[in-house]
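**Q** Two chains, two separate frames, one set of hints: put the complex together.
Residues per chain, in single letters:
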Amino acid sequence: MAISAGQIVFYYLAAAGIASAILAVTRRNPVHSVLWVLSLFLHVAGLFLLAGAEFLAAVQIIVYAGAILVVYVFFLMLVDLPKEEAGPRFGAHWPLCLMVGLGFAAIALWVRVPGLQTAAPAPAAAPNTGSVESFGSALFKQFVLPFEILSLVLLAAIVGAVVVGRRRTEA
Amino acid sequence: MNGVPLSWYLILSAILFALGAAGFMIRKNMITVFMCIELMLNAVNLSFVAFSRHFKTIDGQIFTFFVMVVAAAEAAVGLAIILTVFRNRSTLQVDDIDSLRL
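Protein chains in written order, with the numbering used here: chain A, 4 to 174; chain B, 15 to 116.
Hints listed in this document are in silico derivations from the structure and should not be mistaken for laboratory results.
Wrong hints could be hidden among the right ones.
[Unchecked claim] A few chain A residues facing chain B, derived, Cβ under 8 Å:
#1 V62
#2 Y67
#3 C100
#4 V103
#5 L112
#6 F138
[Unchecked claim] Stretch by stretch, here's where chain B covers chain A in the computed footprint (C-beta under 8 Å, at least three residues):
#7 13–27
#8 34–42
#9 48–61
#10 69–77
#11 152–163
The beta-carbon is built from N, C-alpha and C at its ideal position, and this holds for glycine as well.
The following block holds chain B by itself, in its conformation from the complex (with noise of 0.2 Å):
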């Protein structure tokens, strides 16, 4: 077990994960609350992974490997689109994209 308990995972978790909810909530360009996302996501898979460790069970390992792959499947998709309103409004600004259309 290398001496480091469960709890001190599940905190650096829950500090990370508030971090990245922070700055999903606080900043203003589109491609930094973007990547807030994937803080969260990493932040989750943490707890996942320190979880399968402490259970000795592989299940959440697995579900860690889920969450990469939907993440990267997201990030795929989600800039598509972020691309596709900068190409229309010309800014990443947030609080000037009230609409997907134009």
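Chain A extracted, bound-state conformation (with noise of 0.2 Å):
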């Protein structure tokens, strides 16, 4: 069987993606962790990209990527980091939670539905699902609701975020 570009493209992207995913968890530094995880979220979006989203790479990497970690760098500056580095990395019950983990992947391998493979049913108009056109036109016309819904969750951390962090003045 021959394989075909996409498919060298998602081992790459899949082997990359699980090898930071894998030193995410494992480093000892935080940051480190964290560059790891924007080298994950890159990958993803690069997934994004071969599975026919285009849109939602670029969300990925505009805000996951540009957003998100730039959060937690921003954090990362704000706390003791030497200090959080001479603590235990792992906690004492670690390989049970390993074990845990590995077998939750072993499971979701285990129960792939094989008959998924031929479900596919043949859509009457095959969007074209990759467009910002269409995405746009199934979000403000069906998904108009929950967008709007949406707003009120942002507005919502964001008042949210200002009140639990801001400093308590003396009263």
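**A** Set out below in structure tokens:
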């Protein structure tokens, strides 16, 4: 069976993504962990591209890699890193937890429903699922109510972050 | 379809999710624990996008978009809480933090 270019790209992105995830979970220094998570996010963005979700790949890079990780890096500047690094990296029961995690992966591989392979229905009018146009029209027609509710979620998050994070003034 | 079957995406997504879950449980540093949540969310996003492509509908991508927004909100609020805990206790080791108040 000939291996297509898409499969080679997938193999690279998957291997690099898994390696990044392992390194992100195991590095002692939180800054290194953040950088490996950044690498993982970029590879996942590549996988989104491969799966034909161009808009989400861009959002992944802008929001996840660009905004969320920057928040983490800023936060790391506020804490006492050398002291954190000196502490234990893993809990005492880490082999058990690792077993649970790997057990989850094993179950997920075991139950990958074989019927799904053939279950793809032929849609009547196959939309170009990658285009921003189809994404936007679905977002603002079919999903407009959840979209509006999202603005409330963001508002609550902004207010909550400010309220929780502000320094208490002496009353 | 560029030749990548759905099951490959799902297997990769399961592995990434398991790594995130294992990291969430084994790490002692609160920030890294928090980052493992992002890792799990990303793994789930990947399977959403893969299903979206497989079934040729846009719904999975919309869901991924919503997950991203919620992840951003969660990062902002969660890090604010962690910052407050750090101010009060000057540590981020989860074993030393057994309650939110002093």
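**Q** Tell me if the interface restraint on V103(A) is satisfied: Cβ within less than 8 Å of some Cβ in chain B.
**A** Holds. Min distance 7 Å.
**Q** Count residues of the region 69–77 of chain A with a Cβ under 8 Å from any Cβ of chain B, then say if the count reaches three.
**A** With 4 residues in contact (Cβ-Cβ under 8 Å with chain B), the coverage given for the region 69–77 of chain A holds.
**Q** Would the hint on C100(A) stand, with a C-beta cut-off of 8 Å toward chain B?
**A** Holds. Min distance 4 Å.
**Q** At a threshold of 8 Å, is the proposed contact between L112(A) and chain B supported by beta-carbon distances?
**A** For L112(A), the interface hint holds, since the closest Cβ of chain B sits about 6 Å away, which is under 8 Å.
**Q** Is the hint on V62(A) kept, meaning its closest Cβ partner in chain B is under 8 Å away?
**A** holds (6 Å)
**Q** Do at least three Cβ atoms from the region 13–27 of chain A come closer than 8 Å to Cβ atoms of chain B?
**A** holds (count 7)
**Q** Does F138(A) meet its interface restraint, that is, does its C-beta lie within less than 8 Å of any C-beta in chain B?
**A** holds (6 Å)
**Q** Does Y67(A) pass the interface hint, meaning its C-beta sits closer than 8 Å to a C-beta of chain B?
**A** holds (7 Å)
**Q** Taking beta carbons only, do three or more residues of the region 152–163 of chain A come closer than 8 Å to chain B?
**A** holds (count 7)
**Q** Count the residues of the region 48–61 of chain A whose CB lies closer than 8 Å to any CB of chain B, then report whether that count reaches three.
**A** Result for this restraint: holds, n = 8.
**Q** Has the region 34–42 of chain A got at least three residues whose CB is nearer than 8 Å to a CB belonging to chain B?
**A** With 3 residues in contact (Cβ-Cβ under 8 Å with chain B), the coverage given for the region 34–42 of chain A holds.
In summary, the structure agrees with every hint in the numbered list given earlier.
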